[in-house]
Every structure is written in structure tokens, then in C-alpha cells.
Amino acid sequence: RRQAFAEWLADLRKEALSKGISEKTVALALTDIETLPVVLERDRTQAERTLPLDEYLKRRLDRRTIRTAREMRRRHAAVLGRVSRHYRVSAGVIVAIWGLESNFGRFAGVRPTISTLATLAYDDRRGAMFRAELLDALRILDRGDIGLDMMKGSWAGAMGQPQFMPSSYLASGQDFDGDGRTDIWQSHADVFASIANFLRQKGWKAG
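So in this note's numbering the end of the sequence shown lands on 232, straight run, no missing numbers.
By construction, these hints were calculated from the structure, which means they are not laboratory data.
Worth double-checking, as some hints may not be accurate.
[Said to hold, decoys possible] Pairs of lysine-lysine, DSSO-like flavour, derived with a Cα cap of 27 Å:
| id | residue 1 | residue 2 |
| --- | --- | --- |
| 1 | Lys-49 | Lys-177 |
| 2 | Lys-177 | Lys-227 |
| 3 | Lys-49 | Lys-39 |
| 4 | Lys-44 | Lys-177 |
| 5 | Lys-39 | Lys-177 |
[Said to hold, decoys possible] Beta-carbon label-pair distances, calculated as ranges:
| id | residue 1 | residue 2 | range |
| --- | --- | --- | --- |
| 6 | Arg-107 | Leu-86 | 24 to 34 Å |
| 7 | Arg-27 | Lys-83 | 34 to 44 Å |
| 8 | Ala-102 | Asp-200 | 15 to 25 Å |
| 9 | Arg-113 | Leu-42 | 39 to 49 Å |
| 10 | Arg-151 | Arg-107 | 34 to 44 Å |
| 11 | Ala-102 | Ser-43 | 29 to 39 Å |
| 12 | Lys-44 | Arg-225 | 43 to 53 Å |
| 13 | Leu-195 | Ser-43 | 16 to 26 Å |
We put the CB at the ideal spot given by N, CA and C, even for glycine.
Construct the entire structure; sequences and hints are all you get.
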């Protein structure tokens, strides 16, 4: 018998508390949540897996996108320059990733991250991976970097303008503007620095 969602959620609450996540955060985030069928539908039909590469690139890399990328690089040249020098990652590469992940911050997703990750974690297909991401999302809430109502993202649980999964946020997110929290939702400095740091941690070499 497959475990009912309510039972599964009760077990998750216990695990979260055992890992040091506060009772307040667990109660706030895991009360009255339901699975989201649309998330499972999107998980099984994502464009990167169903379209040939040439077709995917044709849809994503049109002249308008490239023109916008050049304009955004000019507009944010000062902070991009500081980030690029600090992390030794090209400003152009940072802008390209930003553009493809969230249309230069214009669309970072509207789905509630906790419910999204809970849906994917409860699903049989990649449950263990998404359960770990859900626990990391609870840790982010517990840190106070973002409020529950603002923690929104893609159908896969990717968050903010660089579309980081919670584990990537915890591993690579940067507070480059120095305000005491890592804000990949609204701070361009933090967004650019987090992208650059992610690449550097993965072995990026200047040039």
C-alpha cells in the first residue's frame, strides 16, 4: 500500500525537526499543503527532454533575446564588472545564464516552492532527490533569507532569477550586496554573484 500523503507529510515533519529545522518553520511551511497535479504533468513533458536540441535552441535563442542580453549587460555593467572580477567569470556568460533561466529576471516562476517540492518528493519517480531539496528549502526558510509567501519558483522547485534548486542556493548563493541575506529573487548583485560562484565551484577557469 502506498502511503497516504497526510501520513507521508507527518513523517516529513518528524524528519525536518530531527534535522534541526525549527518547529515554527515546520508548522508554517507544512500545514495545509496539497499536491499539485500540474507539477507532475510538467515534470513529464519538459521541453529539454521532448524537443531535439536544434529545435530547443531555435525557440530560446532568437534575435530579440540576444538584443535584450546585450542591453542588460550594458545596463548592469557596473555590478557585473565587480562580480566578474571577483569570481573571474565572464560578464557575458553570467548574463546569458540569467537570460535563459528567467528571461533576465522577468519570470522566475509563480508556483509555491514548498508545495511544488512536496508534490515531487511524494511522487515515486525521483522522490528521494526532491525530498532532500524540500528539506533544504525548509532550511532556507529557517535562515530567514526569504518569507514563505515570497518563496516561489518553477514547477521543478527552482527558485529566483538564476533558478537555483534549494541545494544549489545553500551551496552557491552569495550575499554580494552585503545586506546580510542571500536574495536571488530581487538583488541583481546577489543573482549575478550566485551564478558566478556556482560556475566557479563547478570548476570554471577564467579564459
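For each hint, the structure was consulted:
Between Lys-49 and Lys-177, the direct Cα distance comes to roughly 20 Å. Compliance with the 27 Å bound is thereby established for this hinted pair. The hinted pair formed by Lys-177 and Lys-227 meets the criterion: a straight-line CA distance of about 26 Å does not exceed 27 Å. With a C-alpha separation of about 13 Å, the suggested pair Lys-49 and Lys-39 falls inside the 27 Å cut-off, and the hint holds. A distance of roughly 23 Å separates the Cα atoms of Lys-44 and Lys-177; the hinted pair therefore holds under the 27 Å criterion.
A hinted pair counts as satisfied when its Cα atoms are at most 27 Å apart, and Lys-39 with Lys-177 qualifies at roughly 24 Å. A hinted range of 24 to 34 Å holds for the C-beta pair Arg-107 and Leu-86, which are about 27 Å apart. For the hinted restraint 34 to 44 Å between Arg-27 and Lys-83, the CB-CB distance of approximately 41 Å keeps it satisfied. About 21 Å separates the C-beta atoms of Ala-102 and Asp-200, a value consistent with the hinted range of 15 to 25 Å.
Distance hint check: the CB atoms of Arg-113 and Leu-42 are about 41 Å apart, consistent with the given range 39 to 49 Å. Between Arg-151 and Arg-107 the beta carbon distance is about 38 Å. The supplied range of 34 to 44 Å therefore holds. A C-beta distance of roughly 47 Å is found between Ala-102 and Ser-43, which places it outside the suggested range of 29 to 39 Å. Distance hint for Lys-44 and Arg-225: a CB-CB separation of about 28 Å, inconsistent with the stated range 43 to 53 Å.
Checked against the hint of 16 to 26 Å, the pair Leu-195 and Ser-43 passes, with Cβ atoms roughly 18 Å apart.
Of the numbered hints given earlier, the model fails hints 11 and 12; all others are met.
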